[in-house]
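Based on the hints, put chain E in the right spot on chain B.
Those protein sequence lines, which keep their order, are chains B and E. Numbering (the numbering used here) for the first sequence: 14 to 344. Numbering (the numbering used here) for the second sequence: 14 to 344.
Be a bit skeptical, because a hint or two may be false.
No copy labels: a pair is met if it fits in one copy or bridges any two.
[To be verified] For lysine to aspartate or glutamate, the following DMTMM-like pairs were computed, each having C-alpha atoms within a straight-line distance of at most 25 Å:
{"id": "1", "residue 1": "Lys-202", "residue 2": "Asp-30"}
{"id": "2", "residue 1": "Lys-202", "residue 2": "Glu-108"}
{"id": "3", "residue 1": "Lys-202", "residue 2": "Asp-297"}
{"id": "4", "residue 1": "Lys-202", "residue 2": "Asp-29"}
{"id": "5", "residue 1": "Lys-202", "residue 2": "Glu-163"}
{"id": "6", "residue 1": "Lys-202", "residue 2": "Asp-68"}
FYI, nobody ran anything at the bench for these hints, they're computed from the structure. Keep in mind the model is a prediction, meaning the values are calculated, not measured.
Single-letter residue listing:
Number of protein chains: 2
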Amino acid sequence: MEPGTARIAVDLLGGDDAPAVVVDGALRAMRADPDLHLLLVGPTEAAGELIGALDPEQRARVAVRPVDASVGMGDHPVAARADSTVRAAVHAVREGSADALVSAGSTGATVTAVALGLGRWPDVRRPALVATLPAVDGPVVLLDVGGSLEPRPATLARHAALGVAYAAVTHGVAAPRVGLLSVGTEAGKGDRARRLADSALAATALPSGGRYVGLVEGYDVSLGTRADVVVTDGFTGNVLLKAIEGAYAMAGGPPASGGAPRAAALLGVAGTVVVCHGAARGDDLASGIALAAHLWRRRAADQVRALLNGADAGDRADHTDRTTDTEVRTS
Amino acid sequence: MEPGTARIAVDLLGGDDAPAVVVDGALRAMRADPDLHLLLVGPTEAAGELIGALDPEQRARVAVRPVDASVGMGDHPVAARADSTVRAAVHAVREGSADALVSAGSTGATVTAVALGLGRWPDVRRPALVATLPAVDGPVVLLDVGGSLEPRPATLARHAALGVAYAAVTHGVAAPRVGLLSVGTEAGKGDRARRLADSALAATALPSGGRYVGLVEGYDVSLGTRADVVVTDGFTGNVLLKAIEGAYAMAGGPPASGGAPRAAALLGVAGTVVVCHGAARGDDLASGIALAAHLWRRRAADQVRALLNGADAGDRADHTDRTTDTEVRTS
Numbered sequence: 014m015e016p017g018t019a020r021i022a023v024d025l026l027g028g029d030d031a032p033a034v035v036v037d038g039a040l041r042a043m044r045a046d047p048d049l050h051l052l053l054v055g056p057t058e059a060a061g062e063l064i065g066a067l068d069p070e071q072r073a074r075v076a077v078r079p080v081d082a083s084v085g086m087g088d089h090p091v092a093a094r095a096d097s098t099v100r101a102a103v104h105a106v107r108e109g110s111a112d113a114l115v116s117a118g119s120t121g122a123t124v125t126a127v128a129l130g131l132g133r134w135p136d137v138r139r140p141a142l143v144a145t146l147p148a149v150d151g152p153v154v155l156l157d158v159g160g161s162l163e164p165r166p167a168t169l170a171r172h173a174a175l176g177v178a179y180a181a182v183t184h185g186v187a188a189p190r191v192g193l194l195s196v197g198t199e200a201g202k203g204d205r206a207r208r209l210a211d212s213a214l215a216a217t218a219l220p221s222g223g224r225y226v227g228l229v230e231g232y233d234v235s236l237g238t239r240a241d242v243v244v245t246d247g248f249t250g251n252v253l254l255k256a257i258e259g260a261y262a263m264a265g266g267p268p269a270s271g272g273a274p275r276a277a278a279l280l281g282v283a284g285t286v287v288v289c290h291g292a293a294r295g296d297d298l299a300s301g302i303a304l305a306a307h308l309w310r311r312r313a314a315d316q317v318r319a320l321l322n323g324a325d326a327g328d329r330a331d332h333t334d335r336t337t338d339t340e341v342r343t344s
Numbered sequence: 014m015e016p017g018t019a020r021i022a023v024d025l026l027g028g029d030d031a032p033a034v035v036v037d038g039a040l041r042a043m044r045a046d047p048d049l050h051l052l053l054v055g056p057t058e059a060a061g062e063l064i065g066a067l068d069p070e071q072r073a074r075v076a077v078r079p080v081d082a083s084v085g086m087g088d089h090p091v092a093a094r095a096d097s098t099v100r101a102a103v104h105a106v107r108e109g110s111a112d113a114l115v116s117a118g119s120t121g122a123t124v125t126a127v128a129l130g131l132g133r134w135p136d137v138r139r140p141a142l143v144a145t146l147p148a149v150d151g152p153v154v155l156l157d158v159g160g161s162l163e164p165r166p167a168t169l170a171r172h173a174a175l176g177v178a179y180a181a182v183t184h185g186v187a188a189p190r191v192g193l194l195s196v197g198t199e200a201g202k203g204d205r206a207r208r209l210a211d212s213a214l215a216a217t218a219l220p221s222g223g224r225y226v227g228l229v230e231g232y233d234v235s236l237g238t239r240a241d242v243v244v245t246d247g248f249t250g251n252v253l254l255k256a257i258e259g260a261y262a263m264a265g266g267p268p269a270s271g272g273a274p275r276a277a278a279l280l281g282v283a284g285t286v287v288v289c290h291g292a293a294r295g296d297d298l299a300s301g302i303a304l305a306a307h308l309w310r311r312r313a314a315d316q317v318r319a320l321l322n323g324a325d326a327g328d329r330a331d332h333t334d335r336t337t338d339t340e341v342r343t344s
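Looking at chain B on its own, in the form it has when it is part of the complex:
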């Protein structure tokens, strides 16, 4: 556990089995991390249930932001309620009452609320959901795992840069290798989207000494032998992550290095945000809260942003050299 206070806003109504699993997960997270503070966003009854299970020292690390469960009720009362809590959690981060937020609610609603409330980075059109899988030779960073189902080639190239910076900042990977997921490793393998993306990735300036190694296959996500960062569309990334989780369940449990994660970091937005699987259990929520605290303590979002700016400046400098324009713009 890294030291340092981390104040995490938790969406009590996010997730299929909310608020029970969120209360359970928050309780586990509080007990595991003595520097963790939680801002519970949602109905006071659910917050009260959690607080009742804490000792006095722990209680001093919990605050409540009540959100009336009846707010926004209409034709789709549950969705409206979940949406109102994630928006309140975003508001808490924006006003500085929390350092980061965690939700197991609808990914789409969370991404929208975060993009509107905290803002996207100006050069990231589509934020990416990033999952880290333990593999043979270290972690594999997989993105996107559900944020952007039909990305354009330029978005995949941007996600490659995000993934490289994230691997360097969060996992300490030096000169990360980036692969584009496809059905074979020879150039030209894959559908039209992959062929376009292959060219876009090859032409992208990557931070942290990252380099594009070309096409990789499904094995490479679970084994990690060819790449440290695997880029794909959110549809494929999402079904892949769940298939790996299912395979570990079939095989009698995940490997000693760890299983498929059920919490993902949202990158490309001005804040620290973790999205948990809608079917998350208590331990998934706890690991999502721990991930948010870890990212905040490392100031991962700020560091990723800085690395991206540096790579872009280098990229622009390269272009400048080629066009004999001596002005080097910085952002």
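Coordinates of chain E only, in the frame set by chain B:
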């Protein structure tokens, strides 16, 4: 082992490590199955190496169709050579010298050679590669796993019918449940292709009492709790299958029920064809040959075809009823 002679044409030059792994696989298959006959298609030296390792009884079950390795050599000599052996294997099946064929060569080249040489079924626009994964409650039939990377909704609906018939014929599944792979189970989840396919599948007449159960997720491919047949595009199916294989390797080995297959049946063509992974090893080739023999002994292709015709006749009868046209067309 089911009884009955099965004569399998084997492409000696298909696969990244051909002909060595093909010779190895053919040898294993011959030793495991006393009713197996092989037609070795390729260079005589490779065939001779295999024959030299057999006893006299086994030798009597092997024939050779020499294909000069220099045929078609040009700018891309290796590809041209592999292509010439798979075309010769197709020819052997067409003329009745073999009952089925197995190749670990390029999937695209094999599908093309088979479609041209043996023909597609008239109502199957795109043949499907079908893989069977052992799961908790029995086998899961996954298709397509690499034949058709960007299928139209109508193709996915056709593949659903193929998968249902295959599950019934090959695995004895009664009233197979079919799911469409997506990022969630609620209606509307997924990209545009999935939303269109969901409607197409819901409107499709399925053979063997099959029924469409809607969207399923990545877990369902490895665990099999929601569906017996999972339909997806060949891109997603291919990366998924390989990710599951990698996960089993990470977990220390596949479950007792078996791992992810490295051989797939090609359905929708007028013949029995098995395609092995390009990176196939000897045991993968042996299991591909065993699968081809099994499918032939069950006359699986003919049975699947008959079930499809029956479902289509029923479908047309339904339409006829609705339009008050009393003529029931049969095919």
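Against the structure, the hints come out as follows:
no., hint, verdict
1, Lys-202 to Asp-30, "between (41 Å within a copy, 19 Å between copies)"
2, Lys-202 to Glu-108, "neither (48 Å within a copy, 33 Å between copies)"
3, Lys-202 to Asp-297, "between (36 Å within a copy, 22 Å between copies)"
4, Lys-202 to Asp-29, "between (38 Å within a copy, 15 Å between copies)"
5, Lys-202 to Glu-163, "both (19 Å within a copy, 13 Å between copies)"
6, Lys-202 to Asp-68, "neither (58 Å within a copy, 42 Å between copies)"
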